[in-house]
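There are 2 protein chains.
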Amino acid sequence: MKHQLTKYLLFVLLLKTISGLTGVWRWECEEGYCQKKEITPDTQDTAISLSACRLLCSDASALWPKPTGEIHVGTTLVKVNPNSISHSGVGSEKRSHSLIGGAMTRFNKQLNELRPKTKRADGGKTLEITYILSDPGLTDLTLETEEGYALTVVETSDGRLNATIVADNFYGGRNGLETLNQLIVYDDLREELIMPNDISITDKPAYPWRGLALDTSRNYITVDAIKNTLSAMASSKLNSFHWHITDSHSFPFTAQSLPDLREYGAYTPKKIYTPEDVADIVAHGRECGVRVIPEFDAPAHVGEGWQNTDYVVCFKAAPWQDYCVEPPCGQFDPTKDGLYDALESLYGDMIKQFQPTIFHMGGDEVHFGCWNSTASIVEWMQNQGWGRSEEDFIKLWDHFQTEALKRLYKQTSSNIPVILWTSTLTEGEYLEHLSKDQYIIQIWTTGSDPQISNLLANGYRVIISNYDALYLDCGFSGWVTDGNNWCSPYKGWQKIYENKPATVAGGKNDLVLGMEAALWTEQVDSASVDTRLWPRAAAMGEVLWSEPSNGWREAESRMLVQRERIINLGVNADALEPEWCRQYEESCPTNGKFNK
Amino acid sequence: MKHQLTKYLLFVLLLKTISGLTGVWRWECEEGYCQKKEITPDTQDTAISLSACRLLCSDASALWPKPTGEIHVGTTLVKVNPNSISHSGVGSEKRSHSLIGGAMTRFNKQLNELRPKTKRADGGKTLEITYILSDPGLTDLTLETEEGYALTVVETSDGRLNATIVADNFYGGRNGLETLNQLIVYDDLREELIMPNDISITDKPAYPWRGLALDTSRNYITVDAIKNTLSAMASSKLNSFHWHITDSHSFPFTAQSLPDLREYGAYTPKKIYTPEDVADIVAHGRECGVRVIPEFDAPAHVGEGWQNTDYVVCFKAAPWQDYCVEPPCGQFDPTKDGLYDALESLYGDMIKQFQPTIFHMGGDEVHFGCWNSTASIVEWMQNQGWGRSEEDFIKLWDHFQTEALKRLYKQTSSNIPVILWTSTLTEGEYLEHLSKDQYIIQIWTTGSDPQISNLLANGYRVIISNYDALYLDCGFSGWVTDGNNWCSPYKGWQKIYENKPATVAGGKNDLVLGMEAALWTEQVDSASVDTRLWPRAAAMGEVLWSEPSNGWREAESRMLVQRERIINLGVNADALEPEWCRQYEESCPTNGKFNK
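Going down the list, the sequences are from chains A and B.
Going by UniProt numbering, the residue at position 510 of the first sequence is 510; the numbering climbs one at a time, nothing skipped.
Going by UniProt numbering, the residue at position 314 of the second sequence is 314; the numbering climbs one at a time, nothing skipped.
Next comes chain A alone, as it looks inside the complex:
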């Protein structure tokens, strides 16, 4: 270690001939873990900070998620000048140019935020970043987009740092930049930015869908809080933001063709998303390497906003327990022809604003008791020669889904993938209603539900959101009664890290597109969205990118660093442990390496 640091230390000594170190502690790497030690006269020349130690101390360095290919991170650390960073090789194609420009701005800003404001004027080496993209014009992140990259850093003979990122397209390039960012750290002993001068990493994700679902209907989430969420996603290489934008509780989305939906549906005239807000969020998502997928959940989960139509039945029905799963109830009446015209307009507005490559049609928690209690619906069913059994209500639901899908396709191409939540409709006996070429099924039951293997056996692509690990709203107090909420207890990051796709799917399976953590916001709004999501969603990020065979214990030191990284983005990630456990790695766990 001492030998490898020589160059860095010489360089440091050159610049700091008089001033001492900040503080009395240094860190030493012992068997892959960083340990706090006192600075003594003997050690002051070789003393390194915790952030430097973490970079050098294990093969995955401080990277999150862990790269899947070659990882070579040299142990010679040099000082970087954040005011002397250049980016070249950016394509001339306008849209892609602007994407890379955004990613660059983000990169530079993050480095600046690492340093205390009073320490921003010092020098260091120039960093030149060159992008080599095979398809610089690609701007849409689809299920087929290559997200891998190769990153190399070398120091030139005249002391500049040359970073090269080779990738198929912007999304891969951005991931390389994110990795480079994680390798530049603030050294608080010498108060400067440092990085290894010799890096070679190849990397690509194990799964194409690394998602986060956020509900903005039960409670409104501000545009700033959503953009912060996208930034934190970028930092963990999560790539799919599933926006559950409406529900029975409120309708904050602006459908230009149906202005009443927002006027009557928003909680207040300020708790809305204008088309400009959506454009801002979608653009920020792209810069962060994140596709933004809108969900319009139907035929259940509708209510507020539709007051001036006759398309919704059971709205605010009491006691709600008889008509839906939570207040307020509300479900579309599939027998109303006008409904499908309205849906086509709404889909059109959503497609125009989001320009999505995938669409989410919801489809969860349809309550047959609601339809069964509505005389006109029952009469319509009788006129079709149907009864009132579960099978008959499935026919009604199928009628809705078939007609709604036709209208979606009128506003998109017919091969846009459509996602539906698991439900009675996706159970074995009724599955035939859904084409496996058209639909991707998002699983929200438990990780051991036999429905999962049935879906896979029948050739359906799936996204896994098993609530027993990936519902981030669980574990807080009840809200329709006392006690704790329905999916308690709280799901810790360790549980999420151990929730591997191959385990849930009964073996590695290409039909598993990935996973998605979900934050339902009955008991969350902008004040707590950060602490609920982070750093737990980052744990899932590594599971999906790196497909680690190790358990949470092996990932713990890096997880603590990743949490600090998210904090540095201005996102209020929850603390996982006393800072002491990060300063003395592996001294806290009950059977830790330094607790024996």
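Please note that a few of the clues may not be correct.
As the list makes no split between identical chains, a pair holds if one copy fits it or if it spans any two.
[Claimed, not checked] For lysine to any residue, the following SDA-like pairs were computed, each having C-alpha atoms within a straight-line distance of at most 20 Å:
#1 125 <-> 182
#2 395 <-> 431
#3 36 <-> 318
#4 37 <-> 22
#5 270 <-> 567
#6 94 <-> 137
#7 500 <-> 550
#8 37 <-> 58
None of these hints come from the bench; they were simulated from the model.
Quick caveat, the model's predicted, so the values are computed rather than measured.
Starting from the known structure of chain A, arrange chain B on it as the hints suggest.
The following block gives chain B in isolation, referenced to the frame of chain A:
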């Protein structure tokens, strides 16, 4: 209701002859609950906002905690001009003058924050606030200080609003001002501040100790986050901030006499509290009606910072399970004479900085196995003719506590009340070691622990912090292993509201000074301190101020308003329910009035 609103509406119509209302919804009070209704041509003249409805709709209005004496809140609402508020009757005594000045500034600032920035230039009625204090010179909040007040508001014939607050002293006056503040709301339909023009309230707390304990050692909490905590405490009339400032993990406090403690003990050179920080926090606390009580926990819970002394044994001992309850271990060696000199210096620095009226000496979780494993301690005990039984270690502990108390008294008067946590020392057989005139016992076991009745039967004053309701860190993931943390599950606000002192104490008892919620920060830092504390600590606030006989259901509507109030202070209080449930009160609970 319509009749009572006439004056307000006339006044509104006078100012708003052209402009319409903002939004399409109004609220109506039905059987004590506010319900959202559409604005129609018939109702637009009498339409009121949710905040106005809540003020008028029930006898406790939107007040939190509910006043304990007379409550008369008139139903004529008038517009207030926040730029025309005067305060008079402020005493000339310098220190008390500055306290009231601080409370006034806080009051004015909060009103301004209620309004959107673009709507701050409009008119309204002048509000003149007069204080009548019997003892304006009182500046220390002791266990005997009167905190009650009488608040009246009348409208003069020339249209000014006269508010009078009668109280014994600043602390009572400040509480009256807080109540007045809660009765001034922002009407988002007409975009103005409004209040009732006729108020008469008398009020005083049921318990003198309404506390919050915050740990700043396991993780550092910024000065700003602590000041925000004090502001939110003020808003719920909580009055005791118990600062668990040090522990074995870190020592961020600046003891001027023992500078090494902070230099070696702080996590980083920035994660410290300077004497100026402490002064700032203590002064802010006073303005908020909150006494700031320092805890120096000993003889266990010490470690980092004491490296350059030989007073701590078992420090960082491994496996920690054998020597303490969580890493890192560390316990004072009571046999070292130098220790007591150091303690006297430290106590002196704390007394100088905090000027407290009560001191907390900690005393929890002493691990006899640690002392028993230290050869020099065992030898010392043998020289006293003692063995190594529990009783002998109790003697050693008693020796420590006796000597430490002597040194504390050297720095204070001997009648400063001292608090100790429950422990082996406070159990029946050993209780004789502690004088009930000197010590107050803080109970942190379960609410059904027989130790509680034993302490009360023996005449000890107690503060209740039963962990099965009042530990706000419970319910998250483990940190020394996986699974969830030791005191899971999460304690919801309903549980806290039902945790009444008289129930825990087996009947109303004057020896119960009050309760204290505790936030241990192994898994919390500045990023999440707000969401963990609020609004749950406010639920306890009402329990202690109002001693309500009702359950949480009756308090729910006001609790949701109080949560919004804390958000308006810039504090990230957790959301409890969908905003829908606040807009349609009593429609969400499973057996709610509007869910039948």
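Structure-based check of each hint:
1. 125 <-> 182: Classified as within; 17 Å inside a copy, 57 Å across copies.
2. 395 <-> 431: within (12 Å within a copy, 74 Å between copies)
3. 36 <-> 318: Intra 61 Å, inter 16 Å, cutoff 20 Å: inter-copy only.
4. 37 <-> 22: Close inside one copy (14 Å), not across copies (62 Å); limit 20 Å.
5. 270 <-> 567: between (28 Å within a copy, 16 Å between copies)
6. 94 <-> 137: Within one copy only: 8 Å inside, 70 Å across.
7. 500 <-> 550: Within. Shortest intra-copy distance 11 Å satisfies the 20 Å Cα cut-off; inter-copy 47 Å does not.
8. 37 <-> 58: The answer is within: 18 Å in one copy meets 20 Å, while 62 Å across copies does not.
Checked against the numbered hints above, the structure breaks none of them.
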